[in-house]
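Colleague: Sequence:
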Amino acid sequence: MSDSGQGEDRSPRQRGYRRRGEGARRRCLCLRLSENEHEAIKAAAERNGMTRTFFAAEAVLLAAREEMPLARSADRALLREVMESNRQVRRVGSNLNQITMRFHTSGECPPELGRCLERVAAGLVQLEALAVRLDEVIDHR
0 MSDSGQGEDR SPRQRGYRRR GEGARRRCLC LRLSENEHEA IKAAAERNGM
50 TRTFFAAEAV LLAAREEMPL ARSADRALLR EVMESNRQVR RVGSNLNQIT
100 MRFHTSGECP PELGRCLERV AAGLVQLEAL AVRLDEVIDH R
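Using numbering that gives the first Met the number 0, the first residue of the sequence shown is number 0, and each one after it goes up by one.
Hints are computed from structural coordinates only; laboratory data are not their basis.
Certain hints may be false.
[Stated by the list, open to error] Here are the simulated SDA-like pairs of lysine to any residue, each with C-alpha atoms no more than 25 Å apart in a straight line:
#1 Lys-41 - Val-59
#2 Lys-41 - Arg-51
#3 Lys-41 - Arg-24
#4 Lys-41 - Leu-61
#5 Lys-41 - Arg-31
#6 Lys-41 - Arg-64
#7 Lys-41 - Leu-28
#8 Lys-41 - Ala-62
#9 Lys-41 - Asp-74
#10 Lys-41 - Phe-53
#11 Lys-41 - Ala-63
#12 Lys-41 - Glu-65
#13 Lys-41 - Ser-84
#14 Lys-41 - Thr-52
#15 Lys-41 - Cys-29
#16 Lys-41 - Ala-58
#17 Lys-41 - Cys-27
#18 Lys-41 - Arg-26
#19 Lys-41 - Leu-30
#20 Lys-41 - Arg-75
#21 Lys-41 - Leu-60
#22 Lys-41 - Ala-55
#23 Lys-41 - Ala-56
#24 Lys-41 - Glu-57
#25 Lys-41 - Arg-25
[Claimed, not checked] Each pair of labels, with its calculated beta carbon distance range:
#26 Arg-101 - Val-124: 22 to 32 Å
#27 Ser-33 - Gly-92: 29 to 39 Å
#28 Arg-25 - Val-88: 48 to 58 Å
C-beta: ideal position from N, C-alpha, C; glycine also.
Let the hints inform the model, and build the full structure from the sequences given.
Modeller: So this is what it looks like as structure tokens:
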């Protein structure tokens with residue numbers, strides 16, 4: 000994979016390069032790309048602080064080894080949803096603990112219990128939907 004081009008600017012910042020690992024790499028793979036494909040690879044490499052050849056080699060090797068590829072923006076959005084759901088479940092758990100303490104102190108069921116249990120049920124439905132979506136993402140890799 001050649002990283003040469005005409006009129007390209009080299010970034011002064013440190014770039015990600017592949018380590019030797021198994022010794023010298025003597026095999027070469029030449030890719031022909033459209034301008035749009037080349038720009039997409041260039042942008043992705045820059046976002047990840049890598050050279051284009053390093054990025055392309057890593058992507059090809061990850062695919063060849065059937066390992067987890069770099070997270071796509073859709074994957075990151077799904078992860079943010081999971082993290083937000085987790086935060087909400089923790090908050091509801093805290094509320095349930097407080098309600099339980101009040102129940103044990105007073106012996107009466109606090110009126111907030113119904114709302115809290117509704118939130119628990121809604122959170123479980125949301126987590127189930129996220130689990131299904133994650134399963135679909137993993138199956139399509």
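Colleague: Hint by hint, which ones does this structure get wrong, listed from lowest number up?
Modeller: Numbers 13 and 27 - these are the hints that the structure violates, sorted from lowest upward.
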